[in-house]
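Protein chains in written order, with our numbering: chain D, -1 to 388; chain F, -1 to 388.
Warning: the hint list may mix true and false statements.
Because identical chains share one entry, a pair is satisfied inside a single copy or across any pair of copies.
To be verified - Listed next, the in silico SDA-like pairs over lysine to any residue satisfying Cα-Cα at most 25 angstroms (straight line):
1. 368 to 41
2. 126 to 19
3. 126 to 56
4. 126 to 11
5. 368 to 309
Hints were generated in silico from the structure; no laboratory data involved.
There are 2 protein chains.
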Amino acid sequence: MQNFVFHIPTKILFGRNTVPAIGPETAACGGRCLLVYGRGSSSRSGLLDRVRASLAGAGVEIVEHGGVRSNPVLSHVRQGIGLARQHGVDVIVAVGGGSVIDEAKAISAGCVVEHDVWKFFTGRKSIKKTLPLTTVLTLAAAGSEMNSGMVITNEETREKFGTGNQLLYPRTSILDPEVTFTVPPDYTAYGAVDAVAHVLEFYMTTQDPDTPVQDRIMEGLIENVMEACDRCLADPCDYGGRASLMWSATLALNGLTAAGLGRVGFPMHMIEHSLSALYDVPHGAGLSAVIPGWLTWHGRRAPARIAGLCRRLFPFPDMERCSDRELAARTVTILRNWFGRINSPASLQELGIPATDIPEIARNAMGLAKIWRLNEYTPEIIEEILCLCR
Amino acid sequence: MQNFVFHIPTKILFGRNTVPAIGPETAACGGRCLLVYGRGSSSRSGLLDRVRASLAGAGVEIVEHGGVRSNPVLSHVRQGIGLARQHGVDVIVAVGGGSVIDEAKAISAGCVVEHDVWKFFTGRKSIKKTLPLTTVLTLAAAGSEMNSGMVITNEETREKFGTGNQLLYPRTSILDPEVTFTVPPDYTAYGAVDAVAHVLEFYMTTQDPDTPVQDRIMEGLIENVMEACDRCLADPCDYGGRASLMWSATLALNGLTAAGLGRVGFPMHMIEHSLSALYDVPHGAGLSAVIPGWLTWHGRRAPARIAGLCRRLFPFPDMERCSDRELAARTVTILRNWFGRINSPASLQELGIPATDIPEIARNAMGLAKIWRLNEYTPEIIEEILCLCR
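Sequences are here, hints too, so could you generate the full structure?
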């Protein structure tokens, strides 16, 4: 096990009827908030009105900043920063999924500095201060509600970059599984894929071979996300399934899984970010198109971990007679079949991206490869992986 | 899944060479500390001198309060409170295992109030304020380093009582597995038993049948603690084994396992506390004497969960043909055999406690049964369980 610091200051309020706590939790941070939300679903479901009522009831003034896109864009972040400054807000409230929360984080960091917020993402400036942030989560997926990361797309440069800082943890996040009953099947599936991808990235890129505590937790989370997603697609109002999916997705990327693994990489996300930046595909859909190809490529070089995952999660009779390579290939098949079952695209073709674009995607991905210091990835290697994703 | 609040403010610094951080971490809380420690081992190993040097280097004045016993006693807590008041300390530093940290917590809560500290344990007063606490952990066992609970023994009334409060979380806890290389085999085993017992209590007394996320985490932790304990006994300086045992024991009782289960009980601890209070046996040794009997008793009434644990953790060919009762009995046997292998007493007899004492132990346990509201436990039932522990 490698050395680690584990420190999650976020308070999670999980369960039924927890949304009305957003008012008091926010009021404890300040009296005027920027309310950040998306493009319709939280308004249609009535959630946004419940949040507004709770904030007003707690005496919190509201400045509205709606219209956040999936794959949130820098120009909209800058608008939010302008609003936050203009009205002198002292707390940010996010109502949404990872996109909304990430934009809210970017605003919370960007509105307290003179320079442009994008400099945090390119590594030219580091975050020293943020406004406090509270959230009401509407999608089990990204884990942003309980972590210190954020991802924003710069539409001018076509770069989707992420960064992290201890100050970006939300103060309080409210996780009511019932809020996600209205999430449609496609986004339910994409969210599950995102959560599985987070765990897979850690599981495959760990720097330490001796982390049984983390391994068992990660295997359990993958199993839970897959089972819970199946339950939610069979019955969107299955509270237990929604709760399991929500809490698993949060734990998948809150530090618990990665603590002790050493410096882990996010190569599948690196490639997916280029798909989102170039084609604006939903993040989870892009991930399910990348995962089989990347795992196939990785499994040919280092099959042991993928084979171990198969032994733990997908055992079958006479498993002992199979080689690591065979078990690795089997894992890829099982995941690809699961993507098929939940209707998440399992290839570039299913995403509608032509193979002739592969060189351009690889070129784009190299930008993030450099920033994330994934030094083993060259344009040739990324093209090789993308060819396996066709 | 039941509603829950999850909020662990403790910062964990885990790994090699983390002990020198105790100075700066403590200095961030105050300039004069009460240094709380046990009866020799941390002094003999040189750890205490390293802590003193780090504190002094960070400019923190030290008031010494050594001599904490395993099963820490109220009279010694009161002495610590007196010292803390007399010298006006503003932070408490604990160097030790669960006993030392629990006593430090009791002092941190008791030294800021006028009334006697025992009132917190009998429920007649509630904690509203504490001094900040930092810790250096020396034993993988209790989980106190990252939770909000504490247990103290009142030697006058022969009561071993526990209580909890959000303000009791340590600010920072330092977990260096190398510090535990010198823990002797018996206490290594007792610590592992304690960690397994914590998870078993939650696993068996959950109020919710649909908590797959928590179930997978709990099963993984039990597996890890058992494997890691075996590794540490085979080689006390096996870093990976010590690290796995330490982090598993912390996660076993930091809220992660219990969040979502509803109101869980601690019936095995309730009975063990009487063994410690009456005979001053090490907590883990008392637990391994209670676990087989309680599980046997519980398994006769409700075998499904124990059988499920067997299916997950201890699978064997033709398992499907066995009844829940058979699998429950098998789980008890496997745990009893493990206690035998690690030399932790698996019965009252092995603890040297005569069966004629059973009525008195049951009478004593009823005190805690009332405070913890374990209402289904009568003296007759506790005697019945204790007879199965003989």
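If the cutoff is 25 angstroms on CA atoms, where do residue 368 and residue 41 land: within, between, both or neither? Let me know, please. Neither: 39 angstroms inside a chain and 48 angstroms across chains, both beyond 25 angstroms.
Please work out whether the CA atoms of residue 126 and residue 56 approach to 25 angstroms or closer within one copy, between two copies, in both situations, or in neither? between (29 angstroms within a copy, 24 angstroms between copies)
When no copy is specified for residue 368 and residue 309, does a C-alpha distance of 25 angstroms or less occur within a copy, between copies, both, or neither? Close neither inside one copy (34 angstroms) nor across copies (46 angstroms); limit 25 angstroms.
What label fits residue 126 with residue 19 when the C-alpha limit is 25 angstroms: within, between, both, or neither? The answer is between: 22 angstroms across copies meets 25 angstroms, while 29 angstroms in one copy does not.
Homomeric proximity label, residue 126 with residue 11: Cα distance no greater than 25 angstroms: This pair counts as between: shortest inter-copy Cα distance 21 angstroms, intra-copy 27 angstroms.
Violated hints, listed in ascending order, are 1, 5; each of the other numbered hints is respected by the structure.
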